[in-house]
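Kindly produce the complete structure, drawing on both the sequences and the hints.
Given next are the chains, with one letter for each unit.
2 protein chains.
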Amino acid sequence: MTPAAPAVDMNLSVEKMEKVAFILKTTAHPTRIAVVQLLANHESLSVSDISERLNVEQSLLSHHLSGMKLKGILSSTRDGKNIYYALKMREVIDVIQCLAACTFL
Amino acid sequence: MTPAAPAVDMNLSVEKMEKVAFILKTTAHPTRIAVVQLLANHESLSVSDISERLNVEQSLLSHHLSGMKLKGILSSTRDGKNIYYALKMREVIDVIQCLAACTFL
DNA sequence: TGTATAAATGAACAATTGTTCATAAGTTTG
DNA sequence: CAAACTTATGAACAATTGTTCATTTATACA
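So the sequences go chain by chain: C and B.
The first sequence begins at 1 in my numbering and counts up one residue at a time.
The second sequence begins at 1001 in my numbering and counts up one residue at a time.
Rather than coming from a laboratory, the hints here were simulated on the basis of the structure.
Note that CB positions come from ideal geometry on N, CA and C, so glycine has one too.
Check before you lean on any hint, since a few could be wrong.
[Stated by the list, open to error] Have a look at the derived ranges for each label pair, beta carbon to beta carbon:
id	chain 1	residue 1	chain 2	residue 2	range
1	B	His1063	C	Asn11	22 to 32 Å
2	B	Glu1057	C	Gly80	47 to 57 Å
3	B	Ser1059	C	Ala101	34 to 44 Å
4	C	Gly67	B	Phe1022	14 to 24 Å
5	B	Gln1058	C	Arg53	39 to 49 Å
[Unchecked claim] Subject to a maximum C-alpha distance of 16 Å in a straight line, what follows is the list of computed EDC-like cross-link-like pairs (lysine to aspartate or glutamate):
id	chain 1	residue 1	chain 2	residue 2
6	B	Lys1019	B	Glu1091
7	B	Lys1025	C	Glu18
8	C	Lys25	B	Asp1049
9	C	Lys69	C	Glu91
10	B	Lys1025	B	Asp1079
11	B	Lys1081	B	Asp1049
Structure follows, in structure tokens:
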């Protein structure tokens, strides 16, 4: 007997769904997606560097970055006056790629 | 010469980043993730069916569903008294899988 | 037609996110 | 140590999302 449906193996617990939602929400913002993009190609960048590249005001960017760090997506290390952020949860790259690959977007 | 970085090919335009963010946001909620999960395995389900399975109140679920439909993630067709929803943008399955596969979640 | 069932809608409100601004905290260098 | 520079922080406010509830719309069927 064949199943009446696509049969995609995906059985997330409620807890896991909440975590997935949490990560998605943390990423779901143009500026934050841009940050992930940048850090996907750069290993690590300082706040002011990111700020200039993305043309986002320091404080606002800092809020975004620290939020993403808090939620485990980024990591940061200080070097002198600068603080360098890096992509910790590299899986989010794949997530973005999945959608970016959609032709209809 | 080797690049100083991971070199992930991902160059989204601002417009595309906004669209990706849009889809992520539309999915980033435990109930909506559960809906995607269900519809990944069921082809199509009526509102009351989903409502019972997920234990979410009719009106609230309807709001979620129509939002997802509006944003192109789901489609719906009426059959008699019921309205059946189906997954239109199947790519979101992959997106969720990407994250669900993370062992650390 | 009237009643029951299924789902959508819209207003009101709650909760969460996003943004701005002023200021603080850490670091370097003269 | 003071000045300059980089980033973080917190309060205030704006904007968006999520939820509830009452009501409406659409369909079936007695």
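Here is what the structure says about each hint:
Taking the beta carbon of each, His1063 (chain B) and Asn11 (chain C) are about 25 Å apart, inside 22 to 32 Å as hinted. With their beta carbons about 55 Å apart, Glu1057 (chain B) and Gly80 (chain C) fall inside the hinted range of 47 to 57 Å. Checking the proposed 34 to 44 Å range against Ser1059 (chain B) and Ala101 (chain C) shows it holds: the Cβ atoms sit about 35 Å from each other. For Gly67 (chain C) and Phe1022 (chain B), the hinted distance range of 14 to 24 Å is satisfied, since their beta carbons lie about 19 Å from each other.
At about 47 Å, the CB distance of Gln1058 (chain B) to Arg53 (chain C) agrees with the hint of 39 to 49 Å. For the proposed pair Lys1019 (chain B) and Glu1091 (chain B), the alpha carbon gap of about 14 Å is at most 16 Å, so the pair holds. Pair hint Lys1025 (chain B) plus Glu18 (chain C) holds up; C-alpha atoms about 14 Å apart against a cutoff of 16 Å. Distance check on the hinted pair: Lys25 (chain C) and Asp1049 (chain B) sit about 27 Å apart at the alpha-carbon level, beyond 16 Å; violated.
Proposed proximity of Lys69 (chain C) and Glu91 (chain C) is supported: the alpha carbons are some 15 Å apart, at most 16 Å. Taking the CA atoms of Lys1025 (chain B) and Asp1079 (chain B), the gap is near 30 Å; set against the 16 Å cutoff, the hint is violated. For the proposed pair Lys1081 (chain B) and Asp1049 (chain B), the alpha carbon gap of about 13 Å is at most 16 Å, so the pair holds.
Violated hints for the displayed structure, listed by number in ascending order: 8 and 10.
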